[in-house]
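Here is what each chain is made of, one letter per residue.
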Amino acid sequence: MKLEETIRALYDAGVEFVLIGGAAMGIQGSAYLTRDIDICYGRTPSNIDRLAKALQPLSPSLRNAPASLPFKLDAATITAGLNFTLATTLGDLDLLAEVSGLGTFREVLAASEKREIGGVPCQVLSLEGLIKAKTAAGRPRDLYVLPELRALVEAKKKIGLQ
Amino acid sequence: MTAEQEKLLLDLINDPPPGSDLAKAKEFGVDLTLFHSTLRCTPTERAQALSQAAELFEVSKRPNHDKQ
Numbered sequence: 001m002k003l004e005e006t007i008r009a010l011y012d013a014g015v016e017f018v019l020i021g022g023a024a025m026g027i028q029g030s031a032y033l034t035r036d037i038d039i040c041y042g043r044t045p046s047n048i049d050r051l052a053k054a055l056q057p058l059s060p061s062l063r064n065a066p067a068s069l070p071f072k073l074d075a076a077t078i079t080a081g082l083n084f085t086l087a088t089t090l091g092d093l094d095l096l097a098e099v100s101g102l103g104t105f106r107e108v109l110a111a112s113e114k115r116e117i118g119g120v121p122c123q124v125l126s127l128e129g130l131i132k133a134k135t136a137a138g139r140p141r142d143l144y145v146l147p148e149l150r151a152l153v154e155a156k157k158k159i160g161l162q
Numbered sequence: 001m002t003a004e005q006e007k008l009l010l011d012l013i014n015d016p017p018p019g020s021d022l023a024k025a026k027e028f029g030v031d032l033t034l035f036h037s038t039l040r041c042t043p044t045e046r047a048q049a050l051s052q053a054a055e056l057f058e059v060s061k062r063p064n065h066d067k068q
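Note that the protein sequences, when read in sequence, are chains A and B. Here our numbering is used: the first residue of the first sequence is 1, the next is one more, and so on. Here our numbering is used: the first residue of the second sequence is 1, the next is one more, and so on.
A portion of the hints provided could be inaccurate.
To be verified - Here are the simulated DSS-like cross-link-like pairs (lysine-lysine), alpha carbons at most 30 angstroms apart as the crow flies:
id	chain 1	residue 1	chain 2	residue 2
1	A	Lys114	B	Lys24
2	A	Lys132	B	Lys24
3	A	Lys157	A	Lys114
4	A	Lys2	A	Lys53
What the hints contain is simulated information worked out from the structure, not anything from laboratory work.
This is chain A alone, in the form it adopts within the complex (with noise of 0.2 angstroms):
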């Protein structure tokens, strides 16, 4: 995955999405590591149409799905479905419009701080964000990390680091 060139196709395109899952946790300083990249995405049309527009060029296709199923990536496929898992270009992309714990886009940016990432702002999913989505997910992978996203959330304020 290329998450510096993802954040600056979809930042330049005027996309208003949240990082969040485990590029997120990266971001705020966990040593998880992931092999995609989920975002929550705002669900208004105008947002649906920058973001198709954005990944149209990506070449975007279903993961794990026949090649032979037609698919494409349109504003009328994201405003019939909700979360899509792509392979692009430049990496496996998740886009989600929800987030277990946490809601919808506003609930989610609401729970996100801003990071620059390559030179542009990118709305990333807080410690706190991650720690309420991770719990309410409830799967085994997911609670596995709560115990080092709640000591990075110590540190992180022992320290007075943002």
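Chain B: place on chain A using the hints.
Leaving out everything else, chain B in the frame of chain A:
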């Protein structure tokens, strides 16, 4: 991270206060020393590290990668 913050962090990593989330994480098996390297980095550097790790994984998955 300032030098003072770095010293504070190293103290916390090496001797987490009993009962703290840091101590619980250490007991759980989290390598707290990794915080020292990740928290010193900028968000951009962390993004680059994530991308490089993902790339390394992809390369390792390719057939005959050990012959290249």
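Cross-check of the supplied hints:
In summary, the hint linking Lys114/A to Lys24/B is supported, as the alpha carbons are separated by about 29 angstroms, within the 30 angstroms threshold. Annotation: proposed proximity of Lys132/A to Lys24/B holds, straight-line Cα distance about 18 angstroms (limit 30 angstroms). As the CA atoms of Lys157/A and Lys114/A are separated by approximately 17 angstroms, the hinted pair is consistent with the 30 angstroms bound. As the CA atoms of Lys2/A and Lys53/A are separated by approximately 18 angstroms, the hinted pair is consistent with the 30 angstroms bound.
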